[in-house]
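With the hints as extra help, turn the sequences into a complete structure.
Chains as they are written, first to last, in this note's numbering: chain D, 1 to 515; chain P, 1 to 515.
Hints were generated in silico from the structure; no laboratory data involved. Please read all numbers here as calculations on a predicted model, not as lab measurements. Take every hint as true, because none was put in to throw you off.
Pairs involving identical chains hold if they fit within one copy or between any two copies, as the list cannot separate such chains.
Result set (SDA-like, lysine to any residue): computed pairs, CA atoms no more than 20 Å apart in a straight line: (1) 56 x 30; (2) 56 x 274; (3) 56 x 220; (4) 310 x 341; (5) 56 x 501; (6) 310 x 336.
2 protein chains.
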Amino acid sequence: MNETNPAAGPDRYSPEHIRLPLRRAGIDTYRQPVLYLREGCLVCRAEGFAALTRVKVTCGGREIVAILNVVTGDWLGPCEAALSDAAWQALAPQPGALAGFAHADPPESAGVLRAKVFGERLDEPRFAAVLRDVMTARLSDIELAAFVTACAGDRMDLDESVALTRAMIEVGERLDWGPGPVLDKHCVGGLPGNRTTPIVVSIVAALGHRVPKTSSRAITSPAGTADVMATMTNVDLESDTLRVVVEREGGCLASGGRMRLSPADDILIQIERPLDFDSDGQMVASILSKKVAAGSTHVLIDIPVGITAKIRTPAAADAIARRLAFVGEAVGLRVGVRYSDGSQPVGRGIGPALEAHDVLAVLRGIPYAPADLRERALDIAGAVLELLPGVAQGAGRAQAAAVLASGAALHKFMAICNAQGGFREPGVARFVRPLLAASSGTIACINNRQLARVAKLAGAPRDAAAGLVCTLREGDRVQRGDPLLVVHAESPGELAYALEYAHAHPDILTIAGEY
Amino acid sequence: MNETNPAAGPDRYSPEHIRLPLRRAGIDTYRQPVLYLREGCLVCRAEGFAALTRVKVTCGGREIVAILNVVTGDWLGPCEAALSDAAWQALAPQPGALAGFAHADPPESAGVLRAKVFGERLDEPRFAAVLRDVMTARLSDIELAAFVTACAGDRMDLDESVALTRAMIEVGERLDWGPGPVLDKHCVGGLPGNRTTPIVVSIVAALGHRVPKTSSRAITSPAGTADVMATMTNVDLESDTLRVVVEREGGCLASGGRMRLSPADDILIQIERPLDFDSDGQMVASILSKKVAAGSTHVLIDIPVGITAKIRTPAAADAIARRLAFVGEAVGLRVGVRYSDGSQPVGRGIGPALEAHDVLAVLRGIPYAPADLRERALDIAGAVLELLPGVAQGAGRAQAAAVLASGAALHKFMAICNAQGGFREPGVARFVRPLLAASSGTIACINNRQLARVAKLAGAPRDAAAGLVCTLREGDRVQRGDPLLVVHAESPGELAYALEYAHAHPDILTIAGEY
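As structure tokens, then:
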């Protein structure tokens, strides 16, 4: 019984009918789509738009939601509109195509977000509503930050972790490898040089198991496994190619970038990273959703524990391990967890090519290969194998050691690289210089985070050969003038900059003892 | 005992020494300072900057922290840098001045933010650390959203509300009116047309009390008190002028925009608004910090309660009232709270000039003046007066009614306007058209939020004369063809757009009954 009169008449009119031609602004605003309109233009006045208004832009049957930046200079005219790179990519208009502009509707999941902030527990459909809006950029970065915060700390119980994991799987693609075990491993990050994955995958695949490994590029670290592998072979495989590689060799060492496995997680991570809240609930959903989407059935999670690692205490490791086991069982994954020493780096090199050299040395059985990297890789490969039914405790490690020693693992690694497009030796940097010890004594402590920062300042992972080499470990003795670490860089500027930072932070490698 | 060798040598070098000339980008990014650098420029490469990196920009002894947008088009050269309007204002460089660029240090309060997210209670110094970083734009919008979320719902106890209120007062300026009571009133918003403030201030000042009222412009509503007063007099007073007005007339009706009272709150509100979390803790800190900063001693808070008002239930109103009383006492304010009917609009007009006409009608004692606005203003003025020692219950309202009836309140209002720069009659809109009832029956329900939206679509508050007039109230009978409301606009387009929206939302005024 609710009815009112239409606003009929000759001047019936909607500002949505005002259309402006689109052009590229030539501005990279990362993943946030931005719309640029001239101050005081007809659209701004008709709609009451101001800077940061969320605007629905429609063009050629597609629509996006963009944040408005108001142009006060004259690089944009009053009768045109410009889009940031992210917005242009998402809307994909023809240059000069006419677009319509309107206030964006509040996202469907605004109520869900609000409920979580006010302490309600969310189920899978409500998490899925949030993630759908995440995927279509209907939630602003501010709203994503609110969601991440509302789920941080102890505000997500185990059932919610399961629901979030399932919702993350739901919104992405999913690989299916048919019946039988599909093995995988994952490290809860934070330890420079800890590049066991290529070795573990080669060992496990050499033993005839399926291990279709996709890895990420570095986000905040000096190298991700995909960066390291990219110094030796092609890692950017389309799903079809990846499937061929795995069918032929049992395993692959590819980048997960093109796979769209748990893509909502990729977006949330971009918000979680600057906030750095280390939420167990989200970390577990992030890890396990990607594993399920990748078609894995058995996953070994390596958790390095150490004061400058990501997980700092055994209690924190236990809490994550419990959550991993609970959620893993709920989503049908066999999850094994292994704690490892997270107090100092692993191997010698830190940076894509330098870590690749370490990996190759281990696979090739070269005498000077870093023993800590080899032992860790064998431990992890053994633990992966022991997830399988019928493999006894200890038997997995023995199998792993045998295929590494026999050269079968090296052979498998080369075969995988060849299947992915061919193997090449990783490069070396143009400029190399050591940082020398200013005093004599014993290495008391190594700061993983600062060591990673030196490698990044030297140019890693952008410059594949950049980074550093550090062979010292806690308890090693050094004499004044001994090299503490060696910086590798592709430009003298970056070399000096990294060394300057290292010099300004003497607790990267703390020397205790006589002068 | 920690020492390492300096990276001495001829190529010693720091990217902070690379300086680029600054120019204005001519882009309004609201309050977020944005730095624009060309993709692949020397600074980006040397520092490893990417889109959204937080960059410290230094120039002429000043520094700001800005978010980086990477320019991929050719409007910016590789050897120059551009700043958004907010960044340019904050850094205030000479055009072409050379600036340095470095990674911004993590904000001092990042740890505090993290602690709050993980459930710790914050004290005043820790809230103050956050607010200092808010003021200097060292916290990004993402971090502000995390802070707002971490304090939302029931996550801020009463002591924290006190600490946050004190910290907010601390970071801003504070007016001092000398000894004796300084009166004020505040409405917890959400009710269109509820423009009692000019009437209440005129009554209270006419009775010889001090009431230095500063009000805000509309944020999400069709009009704020400052918008309404701006249709009749000058409201943008510097503090010196404001002081002269108050000394002469006892009261003022100015905009708080230039006062820098609780300025951190002004920034937080910009984040809270799109999130719309209605956090009691932050709302109380926001209201009371501004009152203390304005030098008030006695404050009456009006809380309209209604299903489409900001506060929807009596229980929610009680919770806010308790918190207001507790925090008020802790910061030395005498706080009175009054609940009022929030189910439907007050007065007839919605929009700056239309509300001003209602205010003038009440002050002038015109017979057709809206009785509901007059009664509410008298109730509130009475309650303000009864906060004073020696004024009995009911006596305040009687005093208020007397000065309104005698014309003394009108006289005081005109005197205040004259002191602020002169009185003028509010304008009228060029285009006016009614929305007609499509059926006969009884008004069952009025939706405040949608009514406000119609007024905004008509152009309020940007166009001062725009908005709507609605004289109907719940229970009123209408015949098919009667006007339900009348839209006022300055352009035919906006007139039609507002009516079109109203037609599409028949539950703005729900008519129950026969056809």
